[in-house]
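In order, the protein sequences belong to chains A and B. Under the working numbering, the residues of the first sequence are numbered 55 to 382, in order. Under the working numbering, the residues of the second sequence are numbered 55 to 382, in order.
These are calculated hints, taken from the structure and not from any lab test. You may find that some hints are simply not true.
It does not matter which identical chain is meant; a pair holds if it fits inside one copy or across any two.
Unchecked claim - Result set (DSSO-like, lysine-lysine): computed pairs, CA atoms no more than 27 Å apart in a straight line: (1) Lys221 to Lys100; (2) Lys100 to Lys150; (3) Lys344 to Lys222; (4) Lys375 to Lys222; (5) Lys84 to Lys150; (6) Lys150 to Lys82; (7) Lys375 to Lys82; (8) Lys226 to Lys195; (9) Lys226 to Lys58; (10) Lys160 to Lys150; (11) Lys100 to Lys344; (12) Lys291 to Lys237; (13) Lys375 to Lys150; (14) Lys375 to Lys195; (15) Lys291 to Lys344; (16) Lys237 to Lys84; (17) Lys160 to Lys84.
Protein chains: 2
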Amino acid sequence: MTHKFDVVGIGNAIVDILVSVEDDFLSKHKIPRGSMQLVDEATSEKLYSELGQAIECSGGSAANTIAGLASLGSNAAYIGKIKDDQLGHVFDHDIKSLGVEFTTAKDTSGANTAHCLVMITPDAERTMCTYLGACVNLMEKDVDPDLIQNSAITYLEGYLWDPEHAKKAFRKAMTLAHNAGRKTSLTLSDSFCVDRHNAEFLHLAEHDIDILFANEQELLALYDCRDLNDAFKAVQKHCEVTAVTRSAKGCTIITADEIVDINGISVSNLVDTTGAGDLFAAGFLHGYAKGFDMRTCGRMGNITASEVITHMGARPDVNLKEYLANNL
Amino acid sequence: MTHKFDVVGIGNAIVDILVSVEDDFLSKHKIPRGSMQLVDEATSEKLYSELGQAIECSGGSAANTIAGLASLGSNAAYIGKIKDDQLGHVFDHDIKSLGVEFTTAKDTSGANTAHCLVMITPDAERTMCTYLGACVNLMEKDVDPDLIQNSAITYLEGYLWDPEHAKKAFRKAMTLAHNAGRKTSLTLSDSFCVDRHNAEFLHLAEHDIDILFANEQELLALYDCRDLNDAFKAVQKHCEVTAVTRSAKGCTIITADEIVDINGISVSNLVDTTGAGDLFAAGFLHGYAKGFDMRTCGRMGNITASEVITHMGARPDVNLKEYLANNL
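Using the sequences provided together with the hints, build the complete structure.
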């Protein structure tokens, strides 16, 4: 079956505000290390006013994955809601500059384009506070059937379960994809996000998702268990493919037939882990869409994730196609 | 004579849009390498649409110097015009987060906060196209007499000669400073800028400026000569102190008594030269305000400049006070 796009991603369209912090900043504000939490505009403003000088760059989990896929040479599209404001313009420019198809209608009034305060501690761990802004206006009608039907894989982020209406957009996309004989893929996003939406995510994994991405904590949270092997066996019955990212240890790929560990890439200059999971998904899905075997897909994910953690920001700094060719 | 601020800077308040380009992008668009040129909003938009994904961070020549001074532990203030928009908010946050006094009234209508497309070629050279936006609304009335009178040094950027009304603000600041027995300082900014305003800059150097900053090309352009030694001798008759930055060679400090070369700091990981001159001025002025001898001031400038060229962006990535202490 031919397709126009390898992957279409749907997610919260966000501009990141990256700032270095000391560990005690997080404890002072009672923000769990490594988490993503939602904040209202006033809380975001208050936090921002206490933070040091920052840099801004486009982010958003699924958007980062789609940017990575485009940089790898995949045909990619994106659906997400921004406002027609300065940060929206930045987001729009950055994703289109990579060749991504991005045609979601922009809001002209209401909340501003979303931003995320990404606080990076000295150990390169990132902790995030997100103001969803215009993302709350992503609606069912924003899901262009043509785009979904013409994409081999529809990739969704768990964070979409946070803004109320986006769930409907998410469900519409899954239905359209499956009715067109396409694959669906989900990243669980964050263990706190899994906790917030546990029953629904379990249902998705069991019934609706072909390719699942998770890290260890997220998978344990999903199946409410303590032993990773139990979680692996549980998810094996649910999804066609599950890719579990395991930080420096690499990843584990779970299919009906096997559970395979794939060693991580050692990185000497770890700077900022923002986007590691997103770029793993980019490398893996690029391989999957091109028909590579699972081990190669996992290794591709490990390689693309290893690039993004050597610099600030969640989008690749280099042409990933060349980077992958040089490191595979 | 006591003072509240070591340095107050006046300049075009700008947010930088940093993007990597290949050399042929500049030749295709006939943009002179290493220059700063002014563009209108439409031209900026057109260029931006052809550029790859970018990162945004606060910039502006004098603002970078003032940020550097604050990071070094100097008491610093800034005067510059932004609009009350998203990028203005970024600029405002970043400079205040370093402890800089910044109280210039924000525009609530009219042109947006200024931005500069900073195009970085593989050799780490930066070439800039600036849309002045709200900067054209910096007026005489924005120069707070109290701030100037209570600052040991008033630091001005040559780029202020580009927006029409800023010249008056510049002149008012110089008069206020000298009437209060304070020092004035100017950076020539860019050789094209010197060419645009040559006669006026010569007059400033001869009559109004105590401490002058320039690179080799700017000084040659100012005195319309080919031999640097001729330019050194010419400026020696005009300014009390002149600091000439000379890239990897370091700097030359010119006073009535002597002309001294100070070796540069070798940098192994040159990434982006944006802000090198601005941060040299920060290190030099920090030393000058603290009463160090000229050689030490020059070395301080070389050290602070060497930090900013090892990463993207024109503001320091580290606490410069500690960095200077570790490298002096």
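Here's how the hints hold up against the structure:
1. Lys221 to Lys100: For Lys221 and Lys100, the Cα distance exceeds 27 Å both inside one copy (29 Å) and across copies (37 Å).
2. Lys100 to Lys150: Between copies only: 14 Å across, 32 Å inside.
3. Lys344 to Lys222: neither (30 Å within a copy, 63 Å between copies)
4. Lys375 to Lys222: Close neither inside one copy (34 Å) nor across copies (53 Å); limit 27 Å.
5. Lys84 to Lys150: Classified as between: cross-chain Cα gap 24 Å, same-chain 37 Å, threshold 27 Å.
6. Lys150 to Lys82: between (39 Å within a copy, 21 Å between copies)
7. Lys375 to Lys82: between (42 Å within a copy, 25 Å between copies)
8. Lys226 to Lys195: within (9 Å within a copy, 57 Å between copies)
9. Lys226 to Lys58: within (20 Å within a copy, 62 Å between copies)
10. Lys160 to Lys150: within (14 Å within a copy, 32 Å between copies)
11. Lys100 to Lys344: neither (46 Å within a copy, 35 Å between copies)
12. Lys291 to Lys237: Within one copy only: 17 Å inside, 76 Å across.
13. Lys375 to Lys150: within (17 Å within a copy, 40 Å between copies)
14. Lys375 to Lys195: neither (34 Å within a copy, 54 Å between copies)
15. Lys291 to Lys344: within (25 Å within a copy, 70 Å between copies)
16. Lys237 to Lys84: neither (40 Å within a copy, 47 Å between copies)
17. Lys160 to Lys84: neither (35 Å within a copy, 34 Å between copies)
Checked against the numbered hints above, the structure violates hints 1, 3, 4, 11, 14, 16 and 17; every other hint is satisfied.
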